[in-house]
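Student: Listed below, chain by chain, are the residues.
Number of protein chains: 2
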Amino acid sequence: MADSGWPGCAKSLKGVILDMCGVLYDSGEGDGVAIPGSIEAVKKLKASDLLLRFCTNETQATRETFVAKLQRLGFDISVSEVFSPAPAAVAVLKERGLRPHLLVYDGLIPEFDSVNKANPNCVVIGDAAEKFSYQNLNEAFRVLIGLEKPVLFSLGQGRYYKETDGLKLDVGVYMKALEYACDLKAEVIGKPSPTFFQSVLNDMGLQPHEALMIGDDLVNDVGGAQHCGMKGVQVRTGKYRPCDERHPTVTADGTVDNLAQAVDMILNQRH
Amino acid sequence: MADSGWPGCAKSLKGVILDMCGVLYDSGEGDGVAIPGSIEAVKKLKASDLLLRFCTNETQATRETFVAKLQRLGFDISVSEVFSPAPAAVAVLKERGLRPHLLVYDGLIPEFDSVNKANPNCVVIGDAAEKFSYQNLNEAFRVLIGLEKPVLFSLGQGRYYKETDGLKLDVGVYMKALEYACDLKAEVIGKPSPTFFQSVLNDMGLQPHEALMIGDDLVNDVGGAQHCGMKGVQVRTGKYRPCDERHPTVTADGTVDNLAQAVDMILNQRH
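The listed protein sequences correspond, in order, to chains V and F.
Okay, so the first sequence: first residue is 1041 according to the working numbering, each after it adds one.
Okay, so the second sequence: first residue is 1041 according to the working numbering, each after it adds one.
No lab work stands behind these hints: they were computed from the structure.
All values reported here derive from a predicted model rather than from experimental measurement.
Among the hints, erroneous ones may be present.
The list makes no distinction among identical chains, and a pair is therefore deemed to hold if it is satisfied within one copy or across any two copies.
[To be verified] Straight-line alpha carbon distances no greater than 25 Å define the calculated SDA-like cross-link-like pairs of lysine to any residue that follow:
| id | residue 1 | residue 2 |
| --- | --- | --- |
| 1 | Lys1051 | Glu1250 |
| 2 | Lys1189 | Tyr1200 |
| 3 | Lys1134 | Pro1190 |
| 4 | Lys1171 | Gln1100 |
| 5 | Lys1208 | Tyr1145 |
| 6 | Lys1279 | Asn1178 |
| 7 | Lys1279 | Leu1187 |
| 8 | Lys1225 | Asn1178 |
| 9 | Lys1225 | Gly1206 |
| 10 | Lys1225 | Val1259 |
| 11 | Lys1189 | Glu1285 |
| 12 | Lys1225 | Pro1282 |
| 13 | Lys1202 | Pro1190 |
| 14 | Lys1208 | Glu1179 |
| 15 | Lys1171 | Gly1072 |
| 16 | Lys1083 | Gly1068 |
| 17 | Lys1202 | Arg1182 |
Could you build all of it, start to finish, from the sequences and the hints given here?
Tutor: Encoded structure:
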């Protein structure tokens, strides 16, 4: 059964999905820094017969701004290859006729330009960072508690992330805060939501078993992908911690030092 | 069994414990306002043969400042009769040799004057209101995540409270946020912690069945007291909502319009 495990499964793969922060680059001051070997690894994947998509829970900037940053770092990447929670949220809002109160980073607001935000009947929170003030959280809370059927969307459910100057609280923490305040359950848009992974697979025209997810977040990247029927490989960069390799509920199909090693192993299997 | 229920149980009572905000007064701009009949009701209890204590989860001011406000509103009350979470927390910190990082309202800080706060090995959060900024919450998070055995104390676990200008998020919401961020369970000091109620009973020298709690918060006042073996009566003032009277898990021993009515019913039973 070597072919069904890692890296044997690479023989029958048709596509690869890459997480971005912690796999391609480390965030921080300015544009952050590319992780050694990652720029070349993306080039090799693009030169191969594999389909490639990028899948991020980044919600501090529009996809356009975000992709421009990656391009400045040296990555061969375009907006149409990138899946992020905000455009997925916009689709859900329109489909369900919902008008959001936004608690998101200023840089993300243009993603919601096409959405009616008057007289809000739901709340959308993203990684708002400094905008998670008491006043702003209280405002979002008052919108929710004033609704007959409060609906809260959270763009991801991360606990925290690492920037070059230290750990930062992520959106999931504020999702839990509002869930408790209003006694409700948020709808998560982004990883690890199965709907989100499925939208990437649909775009590639692939079945789950034909795709592999590579990420640094064991639960949201690897576990989320596995939950959808994909393989999931974890890199030992970004937010990886050694204790991930003995996690009680999620076991990666493979663990590699970094994206460069993962890509070399995949391509070696296919030659 | 009329004597074991409400108000029959009042015949055998030896003491009464009163919640403060929402029972004695409504908070808001300045000192807030006394709830009609409450000043007189406290006087009647003090003139009776019943022991009386006050029990609050107020953590925005020292007990001294808080009691002075109540006295200005017209209440006959002294500091030694009031039980609040901060002094209880100080006792726990000293007993366990813990040095807190404080995320509390400025007005509460003097309560912790006698505690060593250098090189913190735990975090204490209270109702910090505007001080619950992203930066301050992140700072508390970094202290916790940097500890080998992170310990978080929460002064209460309320979801929100009502001020004259609207609903405000309470400390419990930020407790849940930090619990999720650090994957831990906070220790709650204050109502509805059984330890907290027991410390009031100890001070009165009473057994639980000899005391009655009167509060506006069904879960934290009434449910918490009942959990300790006391009777619990809810007033229809403060944060009372009609749906409290059909709550899935907590049923008050009695529900009354306000403190004045509760006290009249108690004293009538005893004549």
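Student: Each hint: holds or not?
Tutor: Hint-by-hint comparison with the structure:
1. Lys1051 <-> Glu1250: within (10 Å within a copy, 75 Å between copies)
2. Lys1189 <-> Tyr1200: between (29 Å within a copy, 18 Å between copies)
3. Lys1134 <-> Pro1190: Only inside one copy: Lys1134 and Pro1190 sit 17 Å apart there, 43 Å across copies, limit 25 Å.
4. Lys1171 <-> Gln1100: both (11 Å within a copy, 23 Å between copies)
5. Lys1208 <-> Tyr1145: Both: 14 Å inside a chain and 22 Å across chains, each within 25 Å.
6. Lys1279 <-> Asn1178: between (30 Å within a copy, 17 Å between copies)
7. Lys1279 <-> Leu1187: This pair counts as between: shortest inter-copy Cα distance 18 Å, intra-copy 37 Å.
8. Lys1225 <-> Asn1178: both (18 Å within a copy, 24 Å between copies)
9. Lys1225 <-> Gly1206: between (30 Å within a copy, 23 Å between copies)
10. Lys1225 <-> Val1259: Result: close both inside a copy and across copies, 19 Å intra and 20 Å inter.
11. Lys1189 <-> Glu1285: Intra 41 Å, inter 21 Å, cutoff 25 Å: inter-copy only.
12. Lys1225 <-> Pro1282: Between copies only: 23 Å across chains, 31 Å inside a chain, cut-off 25 Å.
13. Lys1202 <-> Pro1190: Cα proximity of Lys1202 and Pro1190: across copies only (19 Å, versus 32 Å in one copy).
14. Lys1208 <-> Glu1179: Result: close both inside a copy and across copies, 22 Å intra and 9 Å inter.
15. Lys1171 <-> Gly1072: within (21 Å within a copy, 30 Å between copies)
16. Lys1083 <-> Gly1068: Cα proximity of Lys1083 and Gly1068: one copy only (24 Å, versus 62 Å across).
17. Lys1202 <-> Arg1182: between (31 Å within a copy, 11 Å between copies)
Hint check: no violations occur; every hint is consistent with the structure.
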